[in-house]
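Engineer: Protein sequence lines, in the order shown, are assigned to chains A and B.
Each residue of the first sequence is one higher than the one before, starting from 1 at the first, in the numbering used here.
Each residue of the second sequence is one higher than the one before, starting from 417 at the first, in the numbering used here.
For the record, the hints were derived by calculation from the structure and aren't laboratory data.
Glycine is no exception: its CB is placed at the ideal position from the N, C-alpha and C atoms.
Honestly, I wouldn't trust all of these hints.
[Claimed, not checked] To give an idea of the interface, some chain B residues facing chain A are shown, with a C-beta separation under 7 angstroms as derived from the structure:
#1 N450
#2 A469
#3 A474
#4 Q489
#5 D505
#6 T506
#7 A510
#8 T541
#9 D598
#10 R744
#11 R746
#12 W808
There are 2 protein chains.
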Amino acid sequence: MPEVVIVGAGFGGLAAAKALDRADVSVTIVDRHNYHTFQPLLYQVATAGLNAADVAYAVRGIFHRQNNVSFRQAQVVGVDWGTNTLGLDTGALAFDHLIVAAGASAAYFGIEGAAEHGFPLYALTDAIALRNHILERFEAADADPSLVDEGALCFVVVGGGPTGVEVAGALAELFAMVLSKDFRTLDLSKARIVLVEMADTLLQPFSPPSRRHARERLTEMGVEVRTGEAVVRVTPTQIELKSGEKLATHTLVWAAGVRANPLAEALGVPTSRAGRIVVGPDLRIEGHDNAFAIGDVAAITGRDGELLPMLAPVAMQSGRHAAREIARGRRKPFRYRDKGTMATIGRRAAVAELPLHIRLSGSPAWLSWLGLHLVMLMGFRNRLSVFLNWAWNYFTWDRGPRLIIDPSHEPSPSRE
Amino acid sequence: MPEVVIVGAGFGGLAAAKALDRADVSVTIVDRHNYHTFQPLLYQVATAGLNAADVAYAVRGIFHRQNNVSFRQAQVVGVDWGTNTLGLDTGALAFDHLIVAAGASAAYFGIEGAAEHGFPLYALTDAIALRNHILERFEAADADPSLVDEGALCFVVVGGGPTGVEVAGALAELFAMVLSKDFRTLDLSKARIVLVEMADTLLQPFSPPSRRHARERLTEMGVEVRTGEAVVRVTPTQIELKSGEKLATHTLVWAAGVRANPLAEALGVPTSRAGRIVVGPDLRIEGHDNAFAIGDVAAITGRDGELLPMLAPVAMQSGRHAAREIARGRRKPFRYRDKGTMATIGRRAAVAELPLHIRLSGSPAWLSWLGLHLVMLMGFRNRLSVFLNWAWNYFTWDRGPRLIIDPSHEPSPSRE
Chain A
1 MPEVVIVGAG FGGLAAAKAL DRADVSVTIV DRHNYHTFQP LLYQVATAGL NAADVAYAVR
61 GIFHRQNNVS FRQAQVVGVD WGTNTLGLDT GALAFDHLIV AAGASAAYFG IEGAAEHGFP
121 LYALTDAIAL RNHILERFEA ADADPSLVDE GALCFVVVGG GPTGVEVAGA LAELFAMVLS
181 KDFRTLDLSK ARIVLVEMAD TLLQPFSPPS RRHARERLTE MGVEVRTGEA VVRVTPTQIE
241 LKSGEKLATH TLVWAAGVRA NPLAEALGVP TSRAGRIVVG PDLRIEGHDN AFAIGDVAAI
301 TGRDGELLPM LAPVAMQSGR HAAREIARGR RKPFRYRDKG TMATIGRRAA VAELPLHIRL
361 SGSPAWLSWL GLHLVMLMGF RNRLSVFLNW AWNYFTWDRG PRLIIDPSHE PSPSRE
Chain B
417 MPEVVIVGAG FGGLAAAKAL DRADVSVTIV DRHNYHTFQP LLYQVATAGL NAADVAYAVR
477 GIFHRQNNVS FRQAQVVGVD WGTNTLGLDT GALAFDHLIV AAGASAAYFG IEGAAEHGFP
537 LYALTDAIAL RNHILERFEA ADADPSLVDE GALCFVVVGG GPTGVEVAGA LAELFAMVLS
597 KDFRTLDLSK ARIVLVEMAD TLLQPFSPPS RRHARERLTE MGVEVRTGEA VVRVTPTQIE
657 LKSGEKLATH TLVWAAGVRA NPLAEALGVP TSRAGRIVVG PDLRIEGHDN AFAIGDVAAI
717 TGRDGELLPM LAPVAMQSGR HAAREIARGR RKPFRYRDKG TMATIGRRAA VAELPLHIRL
777 SGSPAWLSWL GLHLVMLMGF RNRLSVFLNW AWNYFTWDRG PRLIIDPSHE PSPSRE
């Protein structure tokens, strides 16, 4: 039976594996984590709205009923195209067909200190690290209020796309709803959230009314929105902006740049802008007829000649396309069907732009956002848990899991 | 207003702080974590039955409505009894009254390799580390089945008290119910759980019928029970027993020895067996009229002249006693009221010994155990989440959070 190896258990990789359900192939999914991460909600883990486990689902559990899928937890280190063998940190894996679905990672554009001191939001551990850090800054400021003037409670979010807008809004609600009650003696009026965006507007791909709505709501919530501004230098206690302004801060959330997973380069295939793998119209990797790249890691061109955005629907549709190419031995061009895009800002505040020029904002957009994300979540258990957490947060104005769980600060045994 | 400092946010410390609700004092709780850990359920986190956040509750959240309590996240490094000042890693804290409620930690009795390679179960991070390790061993064995013969799937639990029995039973159910479905190509009949206990019987403080019930149920579930046996030497891949037998294993769960938190010695006060602080009948620390030790960290003598066991009811009752001594300026001896003891083994299997010689086993004991632990959990949100997780696990034979979340394996930013 032909062996299909899928690198990455994100939206694209899982969609491809599921689409191979009835195909006469054996599928192996490789991922460095043993779980699928629901990236759109990582910002809620980072801001103590959801548990880490709510946005992660064991890959093996997803395929209990699909017998042709197996899983390997490993890091991909390279590929031998001559023998069709994938190199893993734990060994090697032969394939007849390869689907590269390795996703995206943060791009820092060479900005001094950004990679060292910025908090990205791609992995579950990123979200936990940011949550720990935010809560630790409040604990530190509470123990020593002089730290407030040194920037302990100034949180800078770079990037005015959906992730940046969502993080900034969620931080504002966390501070106003919960931390103000947790830290009664801290003067939270000194806590700042600064959202920095290089372009002149937030949420660039959205329509002008949606952009305005986002900006107004964030400003009402106390977020300082700085458009047409950029970060030029980062130290552990300061961020220098293009305008020359210096912000005393201990926290930089990096939601600005995105690029393909560096794995793309390790495969020795041609890459394009942002390190994305060059693919043909049928998503095959240039020069390799038995290999596909899909989702964020692939430079897929849309009908307008532009690269498709790094969004879950692109990953899922391209994953299913690659699976069908393999299952049916065909060569058809991939066509992306735009499902629209959404961003949430806070309680009953969101923007959504759907096909047929349908534009929502406020409560309708927020409810659509909630519903869509619940449906997309993997597994009934996670859906129920997220739903109950949201209901709890909404009605009690509380946030549950504001825990600083940091094993790196603890002694731990050393075993095999 | 007199300043009461409580060291430790466990059952005892929280009970003391709550009992000072109406007292005319200012209370500061110091803990190295920003959350209370519900230790009795840590073993369920370690065996992927519950989320980490289910058994932890932010200390600040517990006291939203009690204005005389504040919190400080810090590690205690010492005390200056001359100036009544507690030394913290982040500064100093003056007190008029001190309540030491620092709890217990693992005792390794100098057994070679046990401290380095054993997994204890006192902190939330311990439970996460053990869960990660168990799942990693299965992933490793799946990728390279030769590891099975080298002991990757042999799990040794040392200590036949309630914790050891609970871990062994939960592991057996995890393997049978979930991992057998996750790892279809692994021969799980080769997975072993060995429970080692030095005494001739499991659950020593329980009555003979309860002990027999526990042993029979565990054996039915596939646990190899070795009583009258001890560990003499531990390496990363092997455990040597007193009988001379050598077990190839990568995993030692250390549920054998318990001692007072080493902090007891850092305070420069007299300690007794297992490092517990010597206290008078009113729980005052010998030689320090303004300082109390309560719960696991204190050597409290019961009516029979024996030291009271390290159990949550002892901690809570002694914490409330110390609080009343301070609030009322009185000196009364502490009297412990025995509430009984319980241990769970698995689905519908538990033993409970209550006052008035009431003895339960099987489903009635299990239901009592479930109900009691739900009631004791802090916060409605956690109770609901644990209840739903238990219901889910029970009816679906599934376990949700079998996730390997290990930030130490990931790159992470360095900030202040």
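Engineer: Was the hint right that T506/B lines chain A, CB cutoff 7 angstroms?
Structural biologist: At about 5 angstroms, which falls below the 7 angstroms cut-off, the nearest Cβ of chain A leaves the hint on T506/B intact, so it holds.
Engineer: Against chain A, is N450/B within 7 angstroms by beta-carbon distance?
Structural biologist: With Cβ-Cβ at 5 angstroms, under 7 angstroms, it holds.
Engineer: Close enough to count: is the Cβ of Q489/B nearer than 7 angstroms to one in chain A?
Structural biologist: Since the shortest Cβ distance to chain A is 4 angstroms, the answer is holds.
Engineer: Is the shortest C-beta separation between R744/B and chain A less than 7 angstroms?
Structural biologist: At 27 angstroms from the nearest chain A Cβ, R744/B fails the 7 angstroms test, so the hint is violated.
Engineer: Does the interface hint hold: is A510/B within less than 7 angstroms of chain A, judged Cβ to Cβ?
Structural biologist: 14 angstroms, violated
Engineer: Going by Cβ atoms only, is D505/B closer than 7 angstroms to chain A?
Structural biologist: Violated. Min distance 10 angstroms.
Engineer: Under the criterion of a CB-CB separation shorter than 7 angstroms, is D598/B in contact with chain A as hinted?
Structural biologist: Result: holds, 4 angstroms to nearest chain A Cβ.
Engineer: Please check whether A469/B passes as an interface residue: C-beta within 7 angstroms of a C-beta belonging to chain A.
Structural biologist: 4 angstroms, holds
Engineer: Going by Cβ atoms only, is T541/B closer than 7 angstroms to chain A?
Structural biologist: Because about 4 angstroms separates T541/B from the closest Cβ in chain A, which is inside the 7 angstroms limit, the hint holds.
Engineer: With chain A as the partner, please determine if W808/B meets the hint condition of a C-beta pair closer than 7 angstroms.
Structural biologist: Nearest chain A Cβ about 6 angstroms off; hint holds.
Engineer: Quick check on the hint: R746/B CB to chain A CB, less than 7 angstroms?
Structural biologist: Constraint on R746/B not satisfied, violated at 31 angstroms.
Engineer: Under 7 angstroms is the threshold here; is the Cβ of A474/B close enough to any Cβ of chain A for the hint to stand?
Structural biologist: 5 angstroms, holds
Checked against the numbered hints listed earlier, the structure breaks hints 5, 7, 10 and 11; every other hint is satisfied.
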